[in-house]
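Assemble the whole structure, with the sequences as input and the hints as a guide.
Letter by letter, the chains look like this.
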Amino acid sequence: MANNDKRLGVALAAATCALLGGARSAPAAAADDEDRWEIESALLYYGESDDRVQDASLSVFAKRDFDDGKLLDFSITADTLTGASPSGATALDTPQTFTSPSGDDTYRTAAGEIPLDDTFLDTRYAVSANWTQPFAGLYTVSAGGSFSDEYDYTHAGANVRLTRDFNQRNTTLSAALAYSWDESDPVGGVPVGLSQMLDEDDLSNRGDAQTKDIVDVVIGIAQVVNRTTVVRVNYSYSDSSGYLNDPYKILSVVDPVTGDTIARTPPPGEDGPSGIYRFDNRPDSRTKHGLYAEARTWLGGKVLSLSYRFMTDDWEIDSHTLEAHLRWPIGATSYVEPHLRYYTQTAAEFYRVSLVDGEPLPQYASADYRLAEFDGVTAGLKFGHETSGGNEWSVRVEYYKQKGKVSDSLLIGNQLDRETIADLNAIIAQFSYRFRF
Amino acid sequence: MSSARANALIRWSLLKSAVARTRFLLLALLLLATGSATAARAGADPALDLARYRGRVVLVDFWASWCSPCRSSIPWLNAMQAKYAGQGLVIIGVNVDKERTDAERFLAETPIHFEVVYDPDGRLPAQYDVPVMPSSFVFDRSGALVVRHAGFLNAKRAEYEATLRDLLLAKENPG
Amino acid sequence: MRRLFTFLSLLALTGCAQVAPWERDVLARREMQLDGAPLDAAFDDHIYFSKEASSGGRGFGGGGCGCN
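Protein chains in written order, with our numbering: chain A, 2 to 438; chain B, 25 to 199; chain C, 10 to 77.
Read the hints as simulated data drawn from the structure, not as lab findings.
Each hint should be verified, as a subset may be incorrect.
[To be verified] Per label pair, the in silico range of CB-to-CB distance:
| # | chain 1 | residue 1 | chain 2 | residue 2 | range |
| --- | --- | --- | --- | --- | --- |
| 1 | A | R165 | B | A182 | 25 to 31 Å |
| 2 | B | P155 | A | S242 | 42 to 48 Å |
| 3 | A | D424 | B | A174 | 55 to 61 Å |
| 4 | B | P155 | A | D285 | 49 to 55 Å |
| 5 | A | Y180 | B | A182 | 38 to 44 Å |
| 6 | B | P155 | A | A210 | 53 to 59 Å |
Glycine residues also receive a C-beta, built at the ideal position from the N, C-alpha and C atoms.
Now the structure itself:
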């Protein structure tokens, strides 16, 4: 049983897009030896407070430069995810019972607490590979693929990229296309959107596995500004179509005056939900546009990197991301790198805190906190050390805090006295080791 | 003694004592003047005076420690120098690293067995109008620039070597 | 939108500020690569993709030693 909070497979599609550049274009190799493998392995721990999601991940990234700028890189990742996430249901002054996603069981939430969905344990495996080849002097072409699999989700993707240098390689234009095919096969079956959560062992509102297709296009320009500074600007376009719901997210149906969940009792001999809850339903298409700019500059030994990303989509979610890294050398072989990130997003047009009993059902509705309006701040520190053999180990610790912003206009009655979105507090810890052979 | 001669003697002794007092300063100024004269001549590259190699085929290669294709080009250049030295091939490597220690670290891993000239100020690459790193300029026996290789590709080694062989076979035009 | 266009035009004009091929020593350094830490970037993208509604947009070569 898995929580699609992570959408790991689709995350890999995003990672593929990031890796569209992560596979360094051949001319950018900084005096790396040809005919040698460079391996970077890392162990990552992600943990949220309050018994929420915990993730441990092992990743290996391998790269090999071949003759004349040809480059192969691939990565393998294994993840174990456990914990629970807010399901989208609202808190109540009395305990609540929900049917588990598989339909085999029920789980309870204590009075006054924001309901978290049933805990789960899931393991994901992901691989990706990329080949880059220079041609006709100033061009490079890359092609790659990715695949990931976990209990309830499968992803497959392919991508191509073309770059061309200008101005004695001071300017690089690039264009990339990625296609992703994902299948969602939640335990118990895909629930019909906005259908009611049923009693244990009742899977009458469940259907077959659903798929979605994602097309990503990224067009970018990287420009050397002076001997110590380089900037990059990307425009990205993303089009998703198909099953875009999170099959595990629900909304509470509440009384129009009190804002409390409408109570129900399961039939005798059955176990089931203590209230009326309906499954999430989202549009079957989503178009995103993004603009990303990054500048990296050398400050006499220190390296400052600043970036800004703006994203907007037809779900009416707008976001801004501001990020800064400052790599500060310590002696000749070590460095420390503080990191700050600020993120803010507006709510999806169909985001709501709950559904109101008696009102006609909207076409789309979701109470998933990740589609709500919120701010996120990350502060971190990385420490790295280069060994005498030219290998490097590093440790990175970050703290991520998300604070939901729900306007009172979305709240009814007693909801105004209760917490709607449980703030997220997470620790990220990573240990990496990079070596060549 | 006439007063004119006395005055001259006095001025001469004053001059002598002035020089004696400031002899170190004067020496420094003299060395500086010589130094600048040398620097001025360096601008006209005495370090890369190809006239010395008239009659031989010269390959001038620009390299740096941070240039990854240089790691492949240098072993090949070493091989060419060894193979054709007897026929009159001279390879000169111009290093453009700003810090000599970076070049030395590179050389410790990838030794160079031909002549190396250090140009941290980048005067030579500017003069030669180097289009990309690495680049090599090949001059025939009469000192004329015959070919310029922008970049180094392992796939083209046979082609590069054929060019050198052809130039080595040609005799310098008399008169 | 107009500000974006102006910014991009200025960016294109900076093509005039050229760094000579033999002056790429700083830009060739690993820590100056725009994609210099792929594992960190992949982990971060994965985490933020799972916890936020926006994702991607990053990634691409350029800068570096400009060799060959």
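Right, here's what the structure says about each hint:
Range check, A/R165 to B/A182: Cβ separation about 28 Å, and the 25 to 31 Å hint holds. Range check, B/P155 to A/S242: about 47 Å between beta-carbon atoms, so the 42 to 48 Å window is met. Distance hint for A/D424 and B/A174: a CB-CB separation of about 57 Å, consistent with the stated range 55 to 61 Å. Remark: the range hint 49 to 55 Å for B/P155 to A/D285 is upheld by a beta-carbon distance near 53 Å.
A C-beta distance of roughly 40 Å is found between A/Y180 and B/A182, which places it inside the suggested range of 38 to 44 Å. For B/P155 paired with A/A210, a C-beta distance near 56 Å keeps the hint of 53 to 59 Å intact.
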